[in-house]
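Novice: Okay, here's what each chain looks like letter by letter:
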Amino acid sequence: MSKKALTLAEKVWNSHLVAKGEDGAPDLLYIDLHLVHEVTSPQAFDGLRLAGRQVRRPDLTIATEDHNTPTWDIDQPIADLTSRAQIMALRKNAEEFGVRIHSLGDIDQGIVHVVGPQLGLTMPGITVVCGDSHTSTHGAFGALAMGIGTSEVEHVLATQTLPLKPFKTMAINVEGTLRPGVTSKDIILAVIAKIGTGGGQGYVLEYRGSAIRALSMEARMTICNMSIEAGARAGMVAPDQITFDYLEGRPHAPSGEDWNDAVAYWKTLPTDTDATFDAEVFLDANTLDPFVTWGTNPGQGVSLLGSVPSPDDFEDPNDKAAALRALEYMGLEAGTKMKDIAVNTVFLGSCTNSRIEDLRAAAEILKGQTMADGVRMLIVPGSAKVRAQAEAEGLDKIFKDFGAEWRFAGCSMCLGMNPDQLAVGERAASTSNRNFEGRQGKGARTHLVSPLVAAATAIRGTLSSPADLETWNSEGGHI
Amino acid sequence: MEKFEVFTGVAVPFRRSNVDTDQIIPAVFLKRITKTGFEDALFASWRADKDFVLNQAEYKNAEVLIAGPDFGTGSSREHAVWALRDYGFKAVFSSKFADIFRGNSGKQGLIAGEISDKDTERLWQAIEAQPGVASTVDLINKTVSIGSLTVNFEIDEYTRWRLLEGLDDIGLTLRDEQAITDFEQRREAWRPKTLPARS
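Here the protein sequences come in this chain order: A and B.
No gaps in the numbering here: position 110 of the first sequence is 110 in the numbering used here, and each next residue is one more.
No gaps in the numbering here: position 192 of the second sequence is 192 in the numbering used here, and each next residue is one more.
One thing to keep in mind: the hints can contain errors.
[Claimed, not checked] Here are some of the chain B residues that sit facing chain A, going by a computed Cβ distance under 7 Å: (1) 27; (2) 69; (3) 122; (4) 124; (5) 179.
[To be verified] Sample of chain A residues facing chain B (criterion: CB under 7 Å; computed from the structure): (6) 249; (7) 392; (8) 393.
In short, the hints are calculated from the structure, not lab data.
For glycine and all other residues, C-beta sits at the position ideal for the given N, C-alpha and C.
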């Protein structure tokens, strides 16, 4: 009997089956890696305590502080008392239950989705969960990585498993070569604009095609990170030599004989050639422009060369109503050219775009330039290690000379939980992942952009791409 | 968890699509370390507007929410479900829920029932014709009724069974503890371990 052809997601799923669900019950899946942060865990640890349960596998669990943490004066006690209480609760829980923790000031502290890959804990063929929807980031390694709620966090702490319903598979085929100035962020914003914020619901997405294969691990993480913004439970990229090269030698990557065993297994993971997906989407990388959002959900995006749409452009009455509300909230007129939109703030950071490659790309654009009048720019590395590496490469000097604020690691201005927030009515170009109403501060307006667009926008003061700069060489990129 | 069978309460027509969890509960309220007391945080930004539907006298004590498509998108925060529950909601209906939100609801005994866009509109109209009208949510028959109008809703069978029985997930899983232990014996050596810590 020939073996059924399988997709990458199905292979990872099948290899983690503890018990097959019967009579409509979900399958029970083993969880290889559980990442924990301060916001979605206190009630889960409390639940364990109430039930007299332990953390089943502290050796598969790791905690870091990121959402609430300030990004400067990190040697001072956290000023906001409720934030401080939440951080202290995590530290106390980690100690009581024997969970490894990287606290503010530690070299391995940072955004949970930057820390896991950086330590070499995230690897192909594993299951990863975290009480955070952007756990999809780790799918870039060919892991099945899902965001979960606090009850599920408690469930994984107690049992190292999760009851899950099988999902459908969707191939996102991106063929061709990106033009200079166009990045993986633009790919994912274009994908979400195409399929909508609910388009991936019930699916695990697999990003495929020549444009994806050509991307670095950092760029793949950016794409997988935003799978949740299309409503998908997870997003994945098949592991290849780029994945193995990124992993080899990292602190927790397998070594010696284990490394050889692992690589041999990882090479069996890519989707079989004759496997079929439940749905397929196609995107042409050759013609893709830088993409930016105009509205209040990540699906409301257009080419940077385009204009703010009119509610009348939408046929679906819900989309029309959403567009009307979004334009009102964003303070935008239909027909305005995206490039004419002026911003007050530029934020380079978040689990989407705060890795060393993102900082290098921005530094190349910002080098020797001056910031537009009336604009402020925050540059927030994803982890303490990324910060140290950027400083070793002299990137911090470029940022400071430009006039940007060079911060310590954390989620920062991606969400309104720490001191880095926008004021009412302020408008930001942000490399983060959500442009929801109030996401970056009450009444704040967000345009999601790539690091390159963020950098060019900080120079010009209006939404811009590097191609709009005098220093841009149309043949091959930046001079 | 309490058993859920049939429930009657005021329904509110929530004529919005894409209600993300940042709207259900803004991040600033996530700093708390308790699991209850989130009622003040529900739709906090929108509630500042006096015309917001939950600020209207007829709907102030609503317990059933009928929303547009793509409800609960965005962040995984279970606080969104806690806030709805603490405010008093027992059931939410939409033609499309975000996966994580739907999962979180099931854990907390909040019904997340799927109804068609057409039935959503019919329910909205029935409520608006009689603001403050009670609705009956019947989990046994998977229906929601307002007066003479009854529509069917979908909820996965396993979640429905758990809610009808009032069963807790961890307890159910631990019935399979031997299978978990057996699986752990088979796991390959290359799989990640966080301890001992290496940097």
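Novice: Taking the hints in turn, state whether each one holds.
Specialist: Hints, one by one, checked against the model:
1. 27: holds (4 Å)
2. 69: holds (6 Å)
3. 122: violated (15 Å)
4. 124: violated (12 Å)
5. 179: holds (5 Å)
6. 249: The hint is violated - residue 249 of chain A has no Cβ within 7 Å of chain B, the shortest such distance being about 11 Å.
7. 392: violated (16 Å)
8. 393: This interface hint is violated because 20 Å lies over the 7 Å limit.
Violated hints, in rising order: 3, 4, 6, 7, 8; the structure is consistent with all others.
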